[in-house]
Amino acid sequence: MAARHRFLLTKPTRPVGVEPLPLERRLGVDYDTAWARRYPVRLARAMLLDDVTWPIVRLGASPRVFGREHLEPLEGPVIVTANHASHLDTTLLLCCLPPRIRHHAVVGAAADYFFDRRWKAALWAFSLGAIPMERVRVNRRSADLAAALIEEGWSLVIFPEGGRSPDGWGQEFKGGAAYLAKRCGVPVVPVHLRGTRAIAPKGSSQVRPGETEVRIGTPLWATEGEDARRFAARIEAAVALLADEAETDWWSARVRAASASTPPFRGPAASPWRRAWALPSSADPSARRSEQRAVREARSWPPEVVPK
Amino acid sequence: MRALVFERNLARFAASKVAAAVAGSGHGVGVGPLELLEIDPPDLPSQRWVRLAPRLSGICGSDLATLDGRSSRYFERIVSFPFVPGHEIVADATGGVFDGARVVVEPVLGCEARGIDPPCQACAGGHRGACEHLAFGDLAPGLQTGFCADTGGGWGAGLVAHESQLWAVPEGFTDEDAVMVEPTACAVHAACSAGLESGASVVVLGAGTLGLCTIASLRAFTLPGRLLAVAKHPEQRRLAAELGADLVVKPEETRRAARRLASTLALGPDGGRVERLAGGVDVVFDCVGSADSLEECLSIVRPGGEIVLVGMPGVVRLDLAPLWQREVRLRGAYAYGTELRPDGPRRTFELAFELVASAGLGRLVSAAYPLERYEEAVAHAAAAGRRGAEKIVFDLRRPARRRPGGAQEAPGPGGAKDEHGPGGAKDEHGPTGAPDHKESP
Amino acid sequence: MSPRPGFVLEVDRSTPSTLFWHGEGFRLEKLPVGSRVLYAPEPFAALKDPDAAIRHALEHPLGDSQPLRSLLRPGMRLTIAFDDISLPLPPMRSPDVRQRVIEAVLDLAAAAGVDDVVLIAALALHRRMTDDELRHILGSRIFDAFAPHGLLWQHDAEDPSQLVHLGRTDEGEDVELNRRAVESDLLVYVNINLVAMDGGHKSVATGLASYKSLRHHHNVRTMRASKSFMDRHRSQLHTSNWRMGRLIAESGMRIFQIETTLNTDTFPAEFRFLQRREWEWSVRDRASFLAASSALDRTPPELARRIFHAVKAPHEMTSVQAGEVEAVHDRTLSMVHAQQLVHVDGQTDVLTMGLPYICPYNVNSIMNPILVACLGLGYFFNLYQGKPLVREGGVVILSHPTPWAFNPVHHPSYIDFFEQVLAETTDLLEIESKYEEAFATDPWYRHLYRTSYAYHGVHPFYMWYWCAHALEHVGRVIVVGGDRAAVRRLGFSPASTLADALEIASDVVGRDPTITHLHVPPLLIADVS
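Protein chains in written order, with our numbering: chain A, 1 to 308; chain B, 309 to 749; chain C, 750 to 1278.
Calculated directly from the structure, the hints in this document are not laboratory data. All C-beta atoms in this analysis are idealised placements derived from N, C-alpha and C, irrespective of residue type, glycine included. One should not assume that every hint holds.
Partner residues are not named here, just some residues of chain B that face chain C (Cβ under 8 Å, in silico) [what the hints assert, rightly or not]:
id, residue
1, G377
2, E561
3, R567
4, G580
5, R584
6, R655
What the simulated footprint calls covered on chain C by chain B, stretch by stretch (three residues with Cβ under 8 Å from a Cβ of chain B suffice, anywhere in the stretch; the number is not a length) [claimed, not checked]:
id, segment
7, 1158 to 1172
8, 1193 to 1199
Same shape as in the complex, but just chain A (with noise of 0.2 Å):
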């Protein structure tokens, strides 16, 4: 009987004059990922991230963890924001996050990049735990939906950047995290995420074994009447400390930090090329090991962008 009627197999044609159905595709912002949080899926995905993805992520990234300690006193949900640069990000963060946080963690994902396809909806939100978050204007519905998350007791992943860094410098922190920590009444952790550039770099495809640094830093509370903007400047001001510990040393980086003169998270602002320039990790390890010193020696931070 199939065979003589068609439209059993495949989609059945409308006839012309009749009104089609609503469309009832959801995506983007209004992908629904409550079904990602449901219990068997939550059970799936940490076997997935524990016993798929972190060991081929210590083959490849290598990473070491600085900074556990700080969220051992920490209970209940935390939002944990990182600088962003590389797709790999998310993955490492998660794996290197106590299994307190990371099995009960949803990850603030861009509506528009993760979330246009129904597959790739569906992708993100079973292995990274993944919501839709509105990145190029200011969306009620992710906002409260992820503030709805936190005071039910999940942890939020973030990235205040909005996106990758397209030139390894950091950009402007956005305030979203900063407002949903204020609005909810958690700390904000801040992280650095050092190497995952050199691995997997914006705009090109290559993925590249390296070695990748996490450090973690003291958890950061709204003060009584600050309002999101200025929170959001303190927490990039502690991921930039954060970068400078990385590059130099903890001891150094607090003394720089107490002068203010911590190198700029956002670079310098100079042409394309020197903000290039100024680069502190080379994109060429082999070249770098050798002449490191040498190098170090011999290059200094552009004047001005030094503050007096």
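Go by the hints and put chains B and C onto chain A.
Just chains B and C, lined up with the frame of chain A:
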């Protein structure tokens, strides 16, 4: 009388096809439908017909295709079995206006030869090659002498021809010159009927006999700008240059040479590889007729240009997208008729006679074989280019009638060349021949 | 142990066979007793700290020039031009000398706050380089900082909007250069001097010029009057470039020239036997030779080519000098001569040379017959000072497979030159007058030069002109082991073995000629008295 006869025998036809595919072109003859037989000479269909005794008969590319089993099934309706092949003929005539003279045969069997009156439009206009009545009239179907069961053909000791098909051989023409007239006429017709404007860039693909005659025709009867000839073998390249090509190249150099000729850009997979030209040459004459050569033509002809298919092609598989996108005209050029010249209409054969004389095309006859050694002859013709030869002919003259300065007979196992008989203006021959030769009624 | 100088060996009965390069492979030939073999000097020791040497050179320039640091200021237009992939040969191991030098320059520029910086590959009419090739030359740090922002250019000599006509010298030679270079406040040129031909005013006057400029010295007459073009003071090629260079200097263009020299440590460890004298081959060297030869015999040519072109040389920097062009170049030349000069007494009847798989114009590519001629009769023949190694009317014997093969992407105009022009004639002046213009202006070649990776349409002509001096001087050229049809097309005589070649040569030089073999690479300059 002895003649090579092509029978309708499907099994042997298939066998020749296989043999040709396996052993190479020309090698299908041994197993094919062609046989050397004793047959009765053909009857004279009417008063206007004349008996001929061939002196030299050429082997043409179309004959080779037939013997290889490669010719198209299209011809089945305009060919009648059994026939004696051979349509490039210089012969001695008996009876009628040309009695006792040497003649060249214009093989197309049009309305006049078939006794059809009034003639079709083509024949009336002098374009016999386009005659509509090739399968009708007094004769069995047959587009030319050499494909018709009723007329006989050049590869036999005798045949019949209509008066209108005969052309007297001028003084000073050797037999070799005369046998080249028919192939030259094909080339002349191809050259004259192409819409070649003065100064056009022209490429001739293929420098076998037909290609070389085409080059000579283009030089004599048109005003090309630059003429590029593509020839596979060194002997062919030498002749192409002698006969008037400006530039002669090997097949693998064709596209680059055409690009320089046409001063145009090229398109290709990576930087410098040439797949086809962006512009191209004005006219390309394809004297090869294979799928590869046609593809080559399409890759070098300019948008709006013309490809003239001169030699007989087989069934080919071709991507016509370039033809469509570039608005290229693909024309066949078959046989001969009447050409429109600046000084008025002239018969193609007339022009061919002139060209053979002026360009010395008789020298293209490379070897002559007796009918008995037809397998060798066909193999030689099929491999002519590789073996440094152009036109191979059958020599049907009896020893006494050979003229000095003609083609050497290809040496047999004995090796010695045959003596040449004394030269003379005309050889005597009466209605003699083999004892079973029949008189015409 | 200090490096030994080059010397001339006189072959006797105890001398082992001599190594001849033969394209992507080697042969051992027994030279007749009494032949001479020219061996290059051993490579000098490299600088211990090249980066420090570079920084020092930038701070202490030669000639009438200020230190680079003081020439850089914010808001200025800086252009850094550098030699293209035709140097060094074989390509160097990472980090390339140019990478070191340009990083040092950019460090100073970053410190000085110069925003408007453009890097230009000064390739004149050579082919553009691929991203990988540029990345190898410049290193990832420079490439990633400039290429994504469109600040890494390759000189385009066929874009009128990118060229500017500076004027004419006293001899009427046009000087037309890259516009960006001319209009910059400072042009820094980063050069590698592998042979004495490079550097000096030639860097800018040729490297950043257009066809209109180049044809004044890249022509038959000039090349015939350059004896040799490795010897700047007796080379019309250089005289012309120097005139142009002085015009450029007078036009107000500020050029800070940085020249470097390399030692002749040409081959990595697995091919070390190529660097050493045959009688000094250790067990290991002999084993390497045997293994390499037998492996190469069984390798298809394409694969052999790829293997060889992947070889990176352990060249190291022996000197770096910066500042004013002429002062810098004098010092550079003295270093090159110190490394490469070999004194030779008298000329010879027959000069033999084995040609390797690579010349400046086929890096990562096929060495076609025209390049074989150019390498042998152009570069190697002219590795002399004073008099040519071979006497006038003598014979040159080259050893190379000379395949009739061309890389259609890199050398499209070469194919047409070989198929069409050389098929008609090999006479230099006839070729120049009849065909050069058409090839130089052909729109397809121009398109490929500008958008693909092709040498300019006129380039094969320059390769042929490079042989001009040799072709005028020498009586006969014989190629051993080459494709017969290709060798004949070049107008040379093919021979299967060296013995056959000497037999053919006896027509010209008699039965008992003096023979000299040029054992290069590694490079040398013969100072012939």
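| Violating hint indices (sorted, rising) | Of the numbered hints, 1, 5, 6 do not hold.
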